[in-house]
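Student: Let chain S serve as the given structure and place chain V with the ligand on it in line with the hints.
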Amino acid sequence: MVKTLEVYAMATDPIYIGTGGYNIGRVDNTIVRDPITNIPKIPGSSLAGTWRYYVVLEALKDLKGKQPSFDKIKNQSGNTIAEKLKNYNWNNSQPNGWKGFVGNQILKISCAGQDDAPQLERDDENNTGHCGHCIVCKGFGFSKKDISWQGMIFFSDLNILFFPVFTMKGTKWITTASILKEIKINESLPEENKIKTKNGNEGHLNLGWLYLEVSGSHNINDSQISNFSIKSEDIIIVSESLFSHIVNSNLEVRTSVSIDPITGAAKEGALFTSEAIPRGTIFYGSIRIFNKEFGELDSKIEPLPTADDLEQALKDSAHYYESLGIGGMTTRGFGRLKIQLINGNSQTGGSQDEQPNQ
Amino acid sequence: MAKFEALLEINPKNVQSLAEYIAYCKYYFKPKSEDKIKNYSDFYSLKNDFPFIRQDIRKNSTYKSNETLKDFPLNWLKNEIIGKEKKYVEFDNKDIQIIQKISGIYEESQLNNLQEYVNKLPKYSFAIWFKFQLEAPYFSKDDDEFYIIQNPILKETNFKVPMVRGSGWKGALASAFRELFREDFQNNKEKIESFLRVFGAGSESIKTIESYVFGKSGDLNKAKDSLLKFMLFELGLKIDSNLIKEVKGKNNKEELFQILRDKLSAKTSDSKLPSEFQTHKGRAIFYPTYFDRLSLEIINPHDRRKRAGTNPIHYEVVPKGTEGIFQLIYIPFDGVLKPDEELKAEAEKDLNNLSVAVAILSKQGIGAKIKLGWGKFKIENKKVFLNEELDIPEEWKKCQD
Ligand SMILES: [Zn+2]
Chain S
42 MVKTLEVYAM ATDPIYIGTG GYNIGRVDNT IVRDPITNIP KIPGSSLAGT WRYYVVLEAL
102 KDLKGKQPSF DKIKNQSGNT IAEKLKNYNW NNSQPNGWKG FVGNQILKIS CAGQDDAPQL
162 ERDDENNTGH CGHCIVCKGF GFSKKDISWQ GMIFFSDLNI LFFPVFTMKG TKWITTASIL
222 KEIKINESLP EENKIKTKNG NEGHLNLGWL YLEVSGSHNI NDSQISNFSI KSEDIIIVSE
282 SLFSHIVNSN LEVRTSVSID PITGAAKEGA LFTSEAIPRG TIFYGSIRIF NKEFGELDSK
342 IEPLPTADDL EQALKDSAHY YESLGIGGMT TRGFGRLKIQ LINGNSQTGG SQDEQPNQ
Chain V
391 MAKFEALLEI NPKNVQSLAE YIAYCKYYFK PKSEDKIKNY SDFYSLKNDF PFIRQDIRKN
451 STYKSNETLK DFPLNWLKNE IIGKEKKYVE FDNKDIQIIQ KISGIYEESQ LNNLQEYVNK
511 LPKYSFAIWF KFQLEAPYFS KDDDEFYIIQ NPILKETNFK VPMVRGSGWK GALASAFREL
571 FREDFQNNKE KIESFLRVFG AGSESIKTIE SYVFGKSGDL NKAKDSLLKF MLFELGLKID
631 SNLIKEVKGK NNKEELFQIL RDKLSAKTSD SKLPSEFQTH KGRAIFYPTY FDRLSLEIIN
691 PHDRRKRAGT NPIHYEVVPK GTEGIFQLIY IPFDGVLKPD EELKAEAEKD LNNLSVAVAI
751 LSKQGIGAKI KLGWGKFKIE NKKVFLNEEL DIPEEWKKCQ D
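Protein chains in written order, with my numbering: chain S, 42 to 399; chain V, 391 to 791.
Check each hint, because a few of them may be wrong.
Stated by the list, open to error - When the alpha-carbon atoms are kept at most 27 Å apart in a straight line, the in silico DSSO-like pairs for lysine-lysine are as follows:
#, chain 1, residue 1, chain 2, residue 2
1, V, 510, S, 379
2, V, 579, V, 484
3, V, 734, S, 102
Treat the hints as calculated values from the structure; they're not laboratory data.
Okay, chain S solo, but in the shape it has when bound:
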């Protein structure tokens, strides 16, 4: 069984994700783009990395003070750490739902981020990295000397669905017929270099510096886009080639100066520009959660969390994107995102050939 969650996100700050992924503090001038369309996107790996951290934060909020010492775990009956964890009695302090998953007794902050001890065995006393037992390690994957697990949650990239652009009629959101198809809205292409608006009678409209003829009206209504905080009258359909062009010429571009800390003066030649996906951009993507029936399963990996628990963990921690954000430069006014998760259809089967998102 595969459970699919649709992801919709609105950039509440400009989003900067350099080509190096989600590492904080990396200064890179350009952002991640789709190699074919050249349109910027948020890579699934960035989403996986931040979400992993936010699930840890959310879990520890309730687990703090209730987790036993590692010695106490060792004194439980059982031959392996996994068995000892299973036999541990929370003494009525077991948190509810996914936070009470067997293994979360040893969930710690270092279950997120890069594993700093991948060369050790999972149950090594000196394992300071991913614990390999908690819901985060099992949901998002881990890799130790003796055992590796690719995880159960797979994140697609977040692609741009609606992109804001300034016009004389106020800010409008552009999209294309093929993008709309992804959210199951059927609209035909406008004529080449022309655009379609809700009214269709504006004559011409400027999209940034481009002045384009309005060739007709679209039939999108507010109920079809009720998941987003925009109105159908603010949507404009453009052709595929114009879309990429308009997006790339309306990115947030900031020029900064490197300051010499000694003299306080601008360093010569140290001007650098950075680009970002602008505030107000709306993205879509999906998350697939694989349920327990993986076929042949290493018994050492059991027990696995249910897809429902993992779904709840993702939903409970999505709000951190609204304050802590995603990508580099989140303390400098970049990266906040409002995320909505909507249940899609569950399907049986499904392949697992995506890249693991550890």
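Tutor: Okay, now just chain V with the ligand, sitting in the frame of chain S:
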């Protein structure tokens, strides 16, 4: 002339929306003609250069002496769009509401939602929210090159609403916060620690100190230099030559730690750098502020030798009297490793220091030209949103009150 065609839809005598105002300022930025208005022989050629004109203005004394198109649209903006009586343009509140909502800023009527958000955050998170009124113009420079006013004000990229960026608030508030310990830092070590918790640390100097302390680099001299740089530029401390000599005279790691403990943080142990002094993100997240009014200010720089004014400089500003919303969320996301009592004490100190810093900032001003008194503001309706009991500063109201 496709862009001029677009302008025909604007009535520049009655600019009503922010979009129309911006369109006017953006599309007329460049002089097309070197002719004076009065030299145009017929109305048709005048209208050809200035498509927005609807009647012959060549005899109008306000405009006939304007030299080139460069001056004319600006004067038109001043007289006809901004107008002489009101002295500012006010935009439909709808423009502000949309961008505030997109940015996650809560309006006064929705503050219960902000409380709900804080409730979801880790223990001892809090939000600070207040409305303020500008007591002087606000200006921060935008790098828009295509604009009829020499110094356009910073605007949101695709919504064109004048704004203070979150990073702008962060920088300004950090500088106000430094006033709490700048002069007498040795007796205000806790305030230095609080500063680093709130704003974070990540400069090259702190990284160099760290790598020395953690034994990755053995370069003591470099570590000493970095410590001085850190004290001067990141903490803004008032350091005298004696202290510089003292730091320079240290001969080993232990002695360096002694300086840290004596001057910056009593929490320093013999071999451990307090977490505040290690590279980390700050706990405070700053939201932008948007404004709904625009105006022009003119500064006449005086040439001292000539004793006469040179060319006046125009600034697009948010005028005095305009209101805005300040919002900050504090999340001790690094606090899962600390006992609750310690976390509570930290949050209390940080909240109180922030509230003093905000008061200092309101008198210092936000944005550029604060030496001219610009950017000062009056704080109204201050609120704090908590998810655990904390001692809050006097005068501040808890959300529930
Ligand atoms: Zn773990």
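Student: Each hint: holds or not?
Tutor: Structure-based check of all given hints:
| no. | hint | in the structure |
| --- | --- | --- |
| 1 | V/510 x S/379 | holds, 15 Å |
| 2 | V/579 x V/484 | violated, 46 Å |
| 3 | V/734 x S/102 | holds, 14 Å |
Violated hint for the displayed structure: number 2, the only one.
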